[in-house]
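Residue numbers (the working numbering), protein chains in the order written: chain F, 912 to 1360; chain D, 16 to 120.
Calculated from the structure, these hints are not laboratory results. Keep in mind it's a predicted model, so treat the numbers as computed, not measured. Backbone N, C-alpha and C define an ideal beta-carbon position, used for all residues, glycine too. Please note: incorrect hints may appear among the correct ones.
In the PhoX-like style, the derived pairs of lysine-lysine whose C-alpha atoms are separated by at most 20 Å in a straight line are [said to hold, decoys possible]: (1) D/Lys-50 / F/Lys-1079; (2) D/Lys-63 / D/Lys-83; (3) D/Lys-86 / D/Lys-50; (4) D/Lys-105 / F/Lys-1088; (5) D/Lys-105 / D/Lys-115; (6) D/Lys-115 / F/Lys-922.
Quick partial rundown of chain F residues pointing at chain D, CB under 8 Å, derived from the structure [stated by the list, open to error]: (7) Ser-1072; (8) Ala-1090; (9) Glu-1104; (10) Val-1108; (11) Ile-1324.
Derived list of chain F stretches under chain D, where covered just means 3 residues or more per stretch with a C-beta under 8 Å from a C-beta of chain D [claimed, not checked]: (12) 987-1000; (13) 1078-1087; (14) 1345-1353.
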Amino acid sequence: MKDKPPMYVAKQADVEALGFSFTPEALQPGRALEKIGRLRKKMRSLMVMLETCTKCGNCAKQCHSFLGTEDYYNFPAARAELFRRIYKRYFTLSGKIFGRFAGAEDFNEETLGKWLTYYYQCNECRRCARFCPFGIDTAEITIIARHILSELGIIPKFLYSSAVNMAKTGNNMGIPKAAVIDSAEFMEDEMREETGVDIRIPVDKPNSDVLYIPSSADFFTNVDTMLGAAKMFYVLGTNWTIPSSVLEAANFGFLFDFNVMKEHNRRLKVAAAELGASLVVQGECGHGWRAAKMYTNALNGPVPFRLLHIHEFCDENLAKLPLKKLTMRAALHDPCNYARTGGIIEQPRRILRVCVTELVEMTPNREDTFCCGGGSGILMDEMLDIRMKLGKKKAEQIKAVGDIDYLVIPCSICKAQIPAVLKHYGLDNKFEMGGLMDIVGKSLDIKKT
Amino acid sequence: MDYVTVNGAQIEVDEDGFIVNPDLWSEAIVQVFGKLEGVEDLTEKHWKIINYLRDYYKQFGIAPMIRKLCKETGFTLKEIYELFPSGPAKGACKLAGLPKPTGCV
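One chain only, chain D, in its complex shape (with noise of 0.2 Å):
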């Protein structure tokens, strides 16, 4: 197993880099994944979708679907990208704390 270091705290990380446990997510978190996703500043817009994504799964149990996330959050797919890298499930889920996205996708 993997682990990050946030705040001289330990926590525990899969072989993609996913929070193993979602219940230990916080904004320090999001700096320290932040940096290993190559989203070096994080603006409002990055914040909008991350508690988005958290606010979703909270209620859901899963990521929404992305076309009703950039419907919702009022961006579109390639600005998803441009502000993740990797994208909405690989990096936006990621650092929002969410487990990876998993199946054909």
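Isolated chain F, as found in the complex (with noise of 0.2 Å):
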């Protein structure tokens, strides 16, 4: 690859050791078009996104990468053009003959080396797609793009190494079960000291109706989303437990291949059933309930469990759920994955109604929110400068919002960006931020039950 890409990526070595084949550097441009000509015939949506824009420009308006980094690439059309102007010279008749009089280009190096640097600078967030008059979602491109990157061999090492620790430990933090289980007793000796109550984080539990999937990191930093989650279970005398399998709602094979995506899939699918549970509740993770919602049927059904978010299962219960009103002025972050990709959009709204005494709108929010920045696993401390550009729009909705005393970032990735986001911008340590849950936590009545 020509020029230097913005990200490590992960060495030939590594990535065999994992089960993907490296193809040969002057190979790779002839490999990639016999996927996309096999895509071609199954892909329909991808091939009709292709073939329909206008280049109106309307995207550039909408999208926070291009508002942020001002690089021609990342405006959405021009993006999607990276992979349209390579369709076009191998599969339109126009591109064949005419190439680029017709808006046509050579797959070589150089274009792999700009689709690395590129694809891994949309967040998959669909922004895009809601204000394209024709609903073109350059997220499905980047989507497609990566997994033929990957299929290459070319994956960014970040990613890499959370196959690596799925693969081991069922987890992308690499938690062996034994930490598991230590943390979870930790977690349940601090409820105890902090409520006087015996309140339990059950794994591995047989015989449970309800299997929790909360994302990894709630067992390294955002601790009180769990406790948040554990307190609600338990006052409402749920029977469930975690699966030390699959703990974690974090898909990361959706954001670069879809093997790595399905046998995550699967373990969920595997984890209920052995576990008895007929109701499966992901935790606070945005491009993981994207996953989960949309595509466990096609990975791996038909399923014979409910999915809910734990959003959805919060708002289902919330009136059983004796909740004290904390006295706080908190505003919500819309994550791009819950507002345009999982109809999480109101629940979060009714259960911060009912738990603080203030909830202030950004703007724009719901399905027109910006994305924080980190979406589709943009979190490489590499690629620092670039995140904080990505970051700009939400930075500027937040400091718009005026002083607060809470920001609720209810998704793992927003948790793990949004900090350094609004330290960057000389926007932090003027309030508290966490999830939704934790706030659930904080509320909950516990020693009334």
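Mind docking these for me? Both chains are given alone in their own frames, and the hints should help you get the complex.
What follows is the structure in structure tokens.
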């Protein structure tokens, strides 16, 4: 690859050890074209999108990636062109005959370099799709392009690492079962100290009705999210457990490889069957919810369990929860994957209105929300500069909300990205931040039950 | 691959500067990593955290929950950031020879 990509890329020996094949550089363009040729027959939606753009430019005004980085190729239509020009060159008559005059381009090493650089600067947030007059979803093009790169053995180190850990331990952080149990016990001690009550976090409990899938980050940094969920289940008397075999709501496979995605999803099905659960509840993870909700049926379906997000579960049971209002002015950030790909919009608001004295909306919000800039796994340390630019629109939104006590950021990636973004733009240390279940946990009146 | 020189020996580190083979960790490495991380003078407080991380990692094969690290060592998160500017995950874990915590952190 000619130009250095902005992220560390996994080495050939490493990707091969994970079961990927590594295509020699000279053969990469040919292999990629073969893949596109096969996809052409299977994915009509992609082909429609590749053939439909009129270059109206509406997406440019709406994409946080372009607005933040001011890099031409981050303008959604231009990002899509990186794929479209190749498609035209090899798969359309005008492209084959007229080449560059028909907006077509040869597929070479430089193309692959651009794909790696720019398809990993798209957060797959679908905001462009919302404002495109034709509904062209650049995220779909990004998803496919990344999967093609992975098939060639070109995978960012950050995503590769999570896949390695997932295969080894069933979660992206690489937490082995003994550590899961140790951490669960520690959290139980914390809750006992705080409430005087014995609230459990059951691990691998058989014959459980509900299987709760937290983000593994809830077992490392975002502990209050886990505590909030445990307290809620306790108060409701739910027969629940967490599975050590898949202690991970986040499906990073969705972000770069179909097979890794399918395998993660399969673990959910197996765990639910083994532990007897008829309801699987996903924790606070944006793209993990998107992958589970939208893809489970196609990947490993049909499944015998009901699938809910923890906010849906909480919302359904809201009337039964003894919640005391916390005196605070809280602003809600709508994670892109909840608002535009997951149908989690009004539930957090209903929950917050019961838990806090003042709920503040950002502008825009709901389906028009701006992604935090970390979406689709763009959390690499080596891409920090770019990530801060991707988070610029979000920072502006948060600043515009004025003085608040708490910022609700109910997705693991947002919890990792937004604090860094706020620090970069000088907006940190002004308020607390955390998940929605964190607030529920603090608001629950445990001693009453 | 990158290398750092520790007492004349070449120790392999990854792109993020974390030790590739945790078995090669030594107290001398802490000094070298410390300089790279802007931790010039290692005090008893630094070592308390590093030793706790190493013990936990040896027992459980992963870094401890940050809240547990704080509770067991008696430091607040703020104090840990003052001791290790890059924080518990990216700073303290590096000096302690643990692999870099990955995922949504």
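Quick rundown of the hints versus the structure:
no., hint, in the structure
1, D/Lys-50 / F/Lys-1079, "violated, 33 Å"
2, D/Lys-63 / D/Lys-83, "holds, 14 Å"
3, D/Lys-86 / D/Lys-50, "violated, 27 Å"
4, D/Lys-105 / F/Lys-1088, "violated, 23 Å"
5, D/Lys-105 / D/Lys-115, "holds, 7 Å"
6, D/Lys-115 / F/Lys-922, "holds, 17 Å"
7, Ser-1072, "holds, 5 Å"
8, Ala-1090, "holds, 4 Å"
9, Glu-1104, "violated, 10 Å"
10, Val-1108, "violated, 19 Å"
11, Ile-1324, "holds, 5 Å"
12, 987-1000, "violated (count 0)"
13, 1078-1087, "holds (count 6)"
14, 1345-1353, "violated (count 0)"
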